[in-house]
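Here is what each chain is made of, one letter per residue.
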Amino acid sequence: DGGITQSPKYLFRKEGQNVTLSCEQNLNHDAMYWYRQDPGQGLRLIYYSQIVNDFQKGDIAEGYSVSREKKESFPLTVTSAQKNPTAFYLCASTTGPASYEQYFGPGTRLTVT
Amino acid sequence: RKEVEQDPGPFNVPEGATVAFNCTYSNSASQSFFWYRQDCRKEPKLLMSVYSSGNEDGRFTAQLNRASQYISLLIRDSKLSDSATYLCAVLNYGGSQGNLIFGKGTKLSVKP
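Residue numbers (the working numbering), protein chains in the order written: chain A, 1 to 113; chain B, 1001 to 1112.
Because the hints were derived from the structure by calculation, they are not lab data. One thing to keep in mind: the hints can contain errors.
[Unchecked claim] Calculated pairs, BS3-like style, for lysine-lysine (alpha carbon to alpha carbon, straight line, at most 30 Å):
#1 B:K1104 <-> A:K83
#2 A:K83 <-> A:K9
#3 A:K57 <-> B:K1045
#4 B:K1045 <-> A:K70
#5 B:K1104 <-> A:K57
#6 B:K1042 <-> B:K1079
#7 B:K1045 <-> A:K71
#8 B:K1111 <-> A:K57
#9 A:K83 <-> B:K1045
#10 B:K1079 <-> B:K1107
#11 B:K1042 <-> A:K71
[As the list claims (entries may be wrong)] The following residues of chain A were derived to be distant from chain B, with all beta-carbon distances above 10 Å:
#12 G16
#13 T79
#14 T95
#15 T111
[Said to hold, decoys possible] Restraint ranges, calculated between C-beta atoms of paired labels, are given here:
#16 A:A61 <-> B:S1026: 14 to 24 Å
#17 B:G1098 <-> A:E62: 20 to 30 Å
#18 A:K14 <-> B:N1065: 44 to 54 Å
#19 B:R1076 <-> A:K83: 38 to 48 Å
#20 A:E101 <-> B:T1018: 46 to 56 Å
#21 A:T86 <-> B:S1109: 19 to 29 Å
#22 A:N53 <-> B:G1016: 50 to 60 Å
Every residue, glycine too, gets a C-beta built ideally from N, C-alpha and C.
Pulled out of the complex, with its shape left as it was, chain A reads as follows (with noise of 0.2 Å):
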């Protein structure tokens, strides 16, 4: 089945660790995106990647980090330089410029204590 995958689904730190999120997927698409969403809130916009090698922050960039090492797998970096870090992370994968019909894997829901 093609799709996109996230693991793990719940994750929980301790205040002060780096805490790494994994997304992955198979559909060829060369464009992928992590949002996070906050209780009540909208998706805002961490950092995306068109292609591979390249990612660009998008609104909320600070505190985390992503890389692209392959087309199918953008994993991202809660540092502990992120304030808020509780919350539903979110990755999203499109083919591209052609289209920009955003699929989303099943969310990480993230807790540090």
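Given the coordinates of chain A, work out where chain B should sit on it, guided by the hints.
Here is chain B on its own, set in the frame of chain A:
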């Protein structure tokens, strides 16, 4: 004015009712619009794309009003299973790339 605004609701309607949501956007150059459905604690799922004046898919109709800068989503004959939060997304271009800007969503609750 925020880039994309939605009435947060909740909209509480009986089964079989017709309900409409509006989404206003601030960038008059926006070309593409999307409606997503998000169930509680799940990921958004694409419901409809709107590239011209509108789109229809079964009980769902999306309409675009460029002059007033809003898109609407109409749901006819509401089902219990339509209960969800509906997110509006607008494509904005920055340089050579475009990104989706999401509204905060409108919550719909369909009651028996």
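Each hint tested on the structure:
no. : hint                           : in the structure
1   : B:K1104 <-> A:K83              : 22 Å, holds
2   : A:K83 <-> A:K9                 : 22 Å, holds
3   : A:K57 <-> B:K1045              : 24 Å, holds
4   : B:K1045 <-> A:K70              : 25 Å, holds
5   : B:K1104 <-> A:K57              : 21 Å, holds
6   : B:K1042 <-> B:K1079            : 19 Å, holds
7   : B:K1045 <-> A:K71              : 22 Å, holds
8   : B:K1111 <-> A:K57              : 42 Å, violated
9   : A:K83 <-> B:K1045              : 29 Å, holds
10  : B:K1079 <-> B:K1107            : 14 Å, holds
11  : B:K1042 <-> A:K71              : 25 Å, holds
12  : G16                            : 27 Å, holds
13  : T79                            : 23 Å, holds
14  : T95                            : 13 Å, holds
15  : T111                           : 13 Å, holds
16  : A:A61 <-> B:S1026: 14 to 24 Å  : 22 Å, holds
17  : B:G1098 <-> A:E62: 20 to 30 Å  : 23 Å, holds
18  : A:K14 <-> B:N1065: 44 to 54 Å  : 50 Å, holds
19  : B:R1076 <-> A:K83: 38 to 48 Å  : 45 Å, holds
20  : A:E101 <-> B:T1018: 46 to 56 Å : 26 Å, violated
21  : A:T86 <-> B:S1109: 19 to 29 Å  : 27 Å, holds
22  : A:N53 <-> B:G1016: 50 to 60 Å  : 53 Å, holds
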